[in-house]
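Residue numbers (the numbering used here), protein chains in the order written: chain A, 1 to 155; chain B, 156 to 352.
Calculated from the structure, these hints are not laboratory results. A portion of the hints provided could be inaccurate.
Below, a sample of chain B positions facing chain A; criterion: calculated Cβ distance under 7 Å [what the hints assert, rightly or not]:
| id | residue |
| --- | --- |
| 1 | G163 |
| 2 | T167 |
| 3 | A170 |
| 4 | L177 |
| 5 | L178 |
| 6 | V181 |
| 7 | S208 |
| 8 | L209 |
| 9 | L213 |
| 10 | A215 |
| 11 | E219 |
| 12 | E260 |
Far from chain A by the CB rule (all over 12 Å, computed), these chain B residues [stated by the list, open to error]:
| id | residue |
| --- | --- |
| 13 | E211 |
| 14 | E232 |
| 15 | T236 |
| 16 | A253 |
| 17 | N272 |
| 18 | A319 |
| 19 | L320 |
| 20 | R338 |
| 21 | M352 |
Don't be surprised by glycine CBs; every beta carbon is placed ideally from N, CA and C.
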Amino acid sequence: MLDYGIAVGIFFVALVFVLGTIPGMFAPFVGSSGDTQVADRLASSLSGDMLGSPSEPFILNATCTEEFFRQLDTNTTAPTSCRFDTTADSLRTMFALDGTTNVRVEITRSNGTTRTLDETTLVAGGSLPTQQTVSTARRVVSLDGETHTLEVYVW
Amino acid sequence: MTRTQSRGQAHTLEAVAAGMLLLASVLFALQVTAVTPLTGSTSSQHIENQQASLAEGLLATQVENGSIVPTILYWNESAGTFHGTSRDGYRNAGPPTAFGNVLNETFGDRNTAYDVNIYYVRSSGARERISLVDLGNPSDHASTASRMVTLYDDDRVLAANESALDTLSNTSFFAPDAAPDSRVYNVIEVEVVVWRM
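Excised from the complex, chain A in its bound form (with noise of 0.2 Å):
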């Protein structure tokens, strides 16, 4: 009897670790890899075309840029040369995004603080969430003709 009760137990831990293994081998291929996937192409849209112009990728535009981040602050109205949406209000109308996605937009210099230009501060959308997975995609970017880091954050 004895020893059917250890076997039985022996049976029961496999079952248990088979049971908590399993969810994490597809880990990877579920979960939150879609606020991923808008990080990048938001991150790849905004330094490759949006900011600057598609035929020299990374190079942003100081006005278009400054005007981007005054206009999702206080609804002004960019010059339409500008390549973005120029009458959104919002990052989420901006980019098209539903109305669970939040996104942060942020222009940094390489010591971490947020660049102002013309009296602009160069971030956009709120403040990060302490207690969810946060997406990032980073970008290096020329802005006025220094080194900058582009960081979209998606919640």
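Go by the hints and put chain B onto chain A.
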């Protein structure tokens, strides 16, 4: 009594066999799938894309700033190496130039390893390589980005304090004059290889 006991032994054996079968099937599943939770962190496509874009952006901005050419010209003529290095290029961090600082800030300070290779052509058309930064052998999941810059006959080699010395045509530079009859000296391909340590 004897009957129940022998049945108990059969059940015992069955339980152990079933447990082994379960474990074996999990082991099999782990072996046949290429991507497991463990590989997820190092070979993630997102990280590779991210590093490739970072490297591309870095080269684009540095070409725009004009900081790549001075780094290529940061050449110690008498030693036949870049200033302050051995033959294999800089081995601990980027070169002590503006381009090197950006490399360190973007990759080195964030625990990402990188190599910088420089390709040049001989007048015969052969393509050769010299290492500018060598932080080791790239892993299987490395990303690369490259960019061309042109050197002209009247570009000057730089001293260790970045003051200009002789023109390229009058020095023993690592790359030869690939087009002796024209103003162009050589076309250099700068390649950045990035991988997660």
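Consistency of the hints with the structure:
{"no.": "1", "hint": "G163", "in the structure": "holds, 5 Å"}
{"no.": "2", "hint": "T167", "in the structure": "holds, 4 Å"}
{"no.": "3", "hint": "A170", "in the structure": "holds, 4 Å"}
{"no.": "4", "hint": "L177", "in the structure": "holds, 5 Å"}
{"no.": "5", "hint": "L178", "in the structure": "holds, 5 Å"}
{"no.": "6", "hint": "V181", "in the structure": "holds, 5 Å"}
{"no.": "7", "hint": "S208", "in the structure": "holds, 6 Å"}
{"no.": "8", "hint": "L209", "in the structure": "holds, 6 Å"}
{"no.": "9", "hint": "L213", "in the structure": "holds, 4 Å"}
{"no.": "10", "hint": "A215", "in the structure": "holds, 4 Å"}
{"no.": "11", "hint": "E219", "in the structure": "holds, 5 Å"}
{"no.": "12", "hint": "E260", "in the structure": "holds, 5 Å"}
{"no.": "13", "hint": "E211", "in the structure": "violated, 7 Å"}
{"no.": "14", "hint": "E232", "in the structure": "holds, 29 Å"}
{"no.": "15", "hint": "T236", "in the structure": "holds, 27 Å"}
{"no.": "16", "hint": "A253", "in the structure": "violated, 9 Å"}
{"no.": "17", "hint": "N272", "in the structure": "holds, 19 Å"}
{"no.": "18", "hint": "A319", "in the structure": "holds, 21 Å"}
{"no.": "19", "hint": "L320", "in the structure": "holds, 26 Å"}
{"no.": "20", "hint": "R338", "in the structure": "holds, 25 Å"}
{"no.": "21", "hint": "M352", "in the structure": "holds, 17 Å"}
Violated hints for the displayed structure, listed by number in ascending order: 13, 16.
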